[in-house]
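**Q** First to last, the sequence lines map onto chains A and B.
Residue numbering for the first sequence follows this note's numbering, beginning at 1 and increasing consecutively.
Residue numbering for the second sequence follows this note's numbering, beginning at 376 and increasing consecutively.
Simulated from the structure, these hints should not be mistaken for lab results.
Be a bit skeptical, because a hint or two may be false.
[Unchecked claim] Facing chain B, a subset of chain A residues (Cβ under 10 Å, in silico):
| id | residue |
| --- | --- |
| 1 | T236 |
| 2 | F243 |
| 3 | S260 |
Bear in mind that the values here come from a model prediction, so they are computed numbers and not experimental data.
Note that the Cβ used here is the ideal one computed from N, Cα and C, for glycine as well.
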Amino acid sequence: MRYRTLPLAASLIALFVAFASASESFLSPRNLSMLAIELSITAVLALGMLLVLLLGLIDLSAGSGVGLVGGIASVLVFRHDLPAGLAMLIGALTAIAVWAAMGALIVRQKMPAFIITLGGLLVFKGLFWLVIRNATVPVARGSTENALSMLTTYFLPRAAGFTLAAVAVTALLLLRMRRRRARVAHGLSVEDRESFTLQLIVTAQAALLLLLVLDRFRGVPVSLVILGVAAAAIHTLTQHTPFGRYLYAIGDNPEAARLSGIAVEKTIVVAFAMMGVVVALTGCLQTAYAGASTTTVGDLMELDAIAACVIGGTSLRGGRGSVAGVLFGALIMATLLNGMTLLAVPPELKLIARGSVLVLAVWLDVTLARRSARS
Amino acid sequence: MTLALRGIAKSFGAVRALAGVDFEARSGEVHAICGENGAGKSTLLKILSGVHAPDTGTMTLDGKPFAPRHVRDAERAGLVIVHQELALVAELSVAENLFLGRPLMKGWFVDHDAMALAAKTHLAAVGLDVDPLTRTGDLSVSAQQLVEIARALAKNCRVLLLDEPTAALSQREADALLARVRALAASGVTCLYVSHRIREVTAIADRVTVLRDGSTAATFAKGASEAEIVRAMIGRDLQAFYPRRRGERGRAVFVAGGLTVRDQRGRVRFADLRFDAYAGEVLGIYGALGSGRSTLLRAMHAREKRAVLVPEDRRREGLFWEQDVDFHLGVTRLLAMNAFVPFDNIAVSADNARAMRRLQIAAPSLATPVSALSGGNQQKVVLGKALATNPELVLLDEPTRGVDVGAKVEIYEWMNALTDAGRAVVLVSSDVLELVGMSDRVLVLDQGRVRAELTQPTQDALLEAAHAL
Numbered sequence: 001m002r003y004r005t006l007p008l009a010a011s012l013i014a015l016f017v018a019f020a021s022a023s024e025s026f027l028s029p030r031n032l033s034m035l036a037i038e039l040s041i042t043a044v045l046a047l048g049m050l051l052v053l054l055l056g057l058i059d060l061s062a063g064s065g066v067g068l069v070g071g072i073a074s075v076l077v078f079r080h081d082l083p084a085g086l087a088m089l090i091g092a093l094t095a096i097a098v099w100a101a102m103g104a105l106i107v108r109q110k111m112p113a114f115i116i117t118l119g120g121l122l123v124f125k126g127l128f129w130l131v132i133r134n135a136t137v138p139v140a141r142g143s144t145e146n147a148l149s150m151l152t153t154y155f156l157p158r159a160a161g162f163t164l165a166a167v168a169v170t171a172l173l174l175l176r177m178r179r180r181r182a183r184v185a186h187g188l189s190v191e192d193r194e195s196f197t198l199q200l201i202v203t204a205q206a207a208l209l210l211l212l213v214l215d216r217f218r219g220v221p222v223s224l225v226i227l228g229v230a231a232a233a234i235h236t237l238t239q240h241t242p243f244g245r246y247l248y249a250i251g252d253n254p255e256a257a258r259l260s261g262i263a264v265e266k267t268i269v270v271a272f273a274m275m276g277v278v279v280a281l282t283g284c285l286q287t288a289y290a291g292a293s294t295t296t297v298g299d300l301m302e303l304d305a306i307a308a309c310v311i312g313g314t315s316l317r318g319g320r321g322s323v324a325g326v327l328f329g330a331l332i333m334a335t336l337l338n339g340m341t342l343l344a345v346p347p348e349l350k351l352i353a354r355g356s357v358l359v360l361a362v363w364l365d366v367t368l369a370r371r372s373a374r375s
Numbered sequence: 376m377t378l379a380l381r382g383i384a385k386s387f388g389a390v391r392a393l394a395g396v397d398f399e400a401r402s403g404e405v406h407a408i409c410g411e412n413g414a415g416k417s418t419l420l421k422i423l424s425g426v427h428a429p430d431t432g433t434m435t436l437d438g439k440p441f442a443p444r445h446v447r448d449a450e451r452a453g454l455v456i457v458h459q460e461l462a463l464v465a466e467l468s469v470a471e472n473l474f475l476g477r478p479l480m481k482g483w484f485v486d487h488d489a490m491a492l493a494a495k496t497h498l499a500a501v502g503l504d505v506d507p508l509t510r511t512g513d514l515s516v517s518a519q520q521l522v523e524i525a526r527a528l529a530k531n532c533r534v535l536l537l538d539e540p541t542a543a544l545s546q547r548e549a550d551a552l553l554a555r556v557r558a559l560a561a562s563g564v565t566c567l568y569v570s571h572r573i574r575e576v577t578a579i580a581d582r583v584t585v586l587r588d589g590s591t592a593a594t595f596a597k598g599a600s601e602a603e604i605v606r607a608m609i610g611r612d613l614q615a616f617y618p619r620r621r622g623e624r625g626r627a628v629f630v631a632g633g634l635t636v637r638d639q640r641g642r643v644r645f646a647d648l649r650f651d652a653y654a655g656e657v658l659g660i661y662g663a664l665g666s667g668r669s670t671l672l673r674a675m676h677a678r679e680k681r682a683v684l685v686p687e688d689r690r691r692e693g694l695f696w697e698q699d700v701d702f703h704l705g706v707t708r709l710l711a712m713n714a715f716v717p718f719d720n721i722a723v724s725a726d727n728a729r730a731m732r733r734l735q736i737a738a739p740s741l742a743t744p745v746s747a748l749s750g751g752n753q754q755k756v757v758l759g760k761a762l763a764t765n766p767e768l769v770l771l772d773e774p775t776r777g778v779d780v781g782a783k784v785e786i787y788e789w790m791n792a793l794t795d796a797g798r799a800v801v802l803v804s805s806d807v808l809e810l811v812g813m814s815d816r817v818l819v820l821d822q823g824r825v826r827a828e829l830t831q832p833t834q835d836a837l838l839e840a841a842h843a844l
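Next up, chain A with everything else stripped away, as it sits in the complex (with noise of 0.2 Å):
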């Protein structure tokens, strides 16, 4: 991360200061409010597709099934007149045992992660399209509110959202106080105790900035409370069980992981599965988010978030990767679309500059793993 910290922040910056500068509603509270719910649903998704780059496999099916579980929930409660819960529910099951099976498939019948997903992106579409028969289907009726749709329009009570974020910027803190101890107390590295202090501040007014922006428009939504939690499981995950250990283990060297005694083939089918999951939320607030589902919810989303991981740092080669990049890539990626979307940019353009994103994201990743190696 060290080689990558400063670049990223500086093209952060700088997309700030061009979007403000060409655009006067971007730095308003609503825009920034809606950049938060935005950033919600590519970081969610990204962060399910760590866990599957990490393994050095990819998912080019997460856009569609994005589309088809919204499809599902939508279709179900606008419908058939389910409770939005269930309606939710009984989408995140059909995405976690079609997830698995393409895990299987890959460790069963060894066809490489990419084809299985790429027939996955086709097929998954097409029953997007069966699924709400070419229409768009809202999700709820009139002008009612149900728990899908309130994903996305719901926000916090003031007292709530002040309460919630001291108590998540406190108990971040704490932790990170405890751990340094405990690392002290073993006689192993910490970092000086300046930078550290620096970095507890910065957090804290960062968190504190975010609330009195989002504080000036309607509080916190609902969707970043997902997020945060989304981004606690998959980091606590990945950094402190073994089963996240051994997704690093499996993409940095399957054979070495075989031979060390993990099961290599369980591993995946079991990401696939969680990434099934996360495509279930990630496809029921980005149908909330746009209140309908059409045939175009979820579209190239799999590549937005491919990008937002590897812009952060995630390996497409798999064994490298964190949370904390991943978020701070959604964060460039979410910006990128809010301020091409704000300034109305044609969709010809935004195309062309979302690819060019993901190469450049990609080159960048190549060149500074070459630089990190040579040093």
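Assemble chain B onto chain A, guided by the hints.
**A** The following block gives chain B in isolation, referenced to the frame of chain A:
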């Protein structure tokens, strides 16, 4: 052509690979270069072929400065290397391989007829009688070796460098190849011959240069004894170098009572194998390359739950290249835990820090990526990863390959410590001296069977058993 090297030195970061190599190979001679693993042979080859530039020292060809900047440079000057791993494209014809990278053309198209015709002459020069249009992958390994040499000659090579050319050949094939090399030398080509097979070297070479720890240790004229050469390679008394302490032999940890072993393609490699591995004992396994010794170790690993395998190729099968020392020393201990419950990674790291000191892994910190370590320290990390689970049976496949002398001795001491603690150790090594030096008992494998069992292994007894095959 005469190739002369003076004071060639090369370092990679803090690792000094070559410390001063001097030798001269004259026109028409077969000049062997010997050395233990890690003596600097491969670095020397890379410098000669222009892959690396030396830090200091000079090289000359017939008195003219020779400083290749890449492989083509070296080849233009007349020096061609035939590597141990064959660099032939199996799917292309023999003729196409001979002209790989510089095909004969007719206008915009490859001229297959002209190449086939020209190939005949080149193949005749190495005494290989095959149709130039044969698919190269269909040839035997020894024939492919000859194709490689023919390709070198087709590049108008005056200095031919052969790196372990007989490693994958049977005795008869090796003899035929050696005769061919002698004939080439007689025709005026300077032949450099890199090998660790001392027997072969004394038989074929006019002179032998021995490398040790990156420097020229000695150059012998024809007639030097094997013992002299070995002493120069090792540079110390054999007894002290292999500090095997025999202990009390315990119960059988692994019993092969009619074991059948299949390779990855499902072919039977060993049928009805019978042998035991005992606690407190180092069981050596000897077999030529391709005898299936690694396949056998893998099969033992798969059958025995309490076994760990230290694989031959640590980069491809042992290490997680992007990860740090901490990761390696901890990852196998996670296997005993619930995979989805967060573990106390600080406590695990603290244990790893102790293990790093105990194993004398020379790394700046636990957070050092293994890619930044020397070969010896990498091997210690691989061993540390394997031993962290406290196994009953330790399977070592070439555990000291590419490891410097100091680390070698440490690895031998671990083997002693393991057997002292009542573990069973199985050692596969292509280094005969190491095998007899460290094993209490040696099995000789050939063609899917245990051909001999040496209970008092000595170098002579082992070579005799191996050559009697």
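**Q** Please go over all the hints and tell whether each is borne out by the structure.
**A** Going through the hints against the structure:
1. T236: It holds, given that the least Cβ distance between A:T236 and chain B is near 6 Å, below 10 Å.
2. F243: Check passed: Cβ of A:F243 comes within 4 Å of chain B, closer than 10 Å.
3. S260: holds (5 Å)
Hint check: no violations occur; every hint is consistent with the structure.
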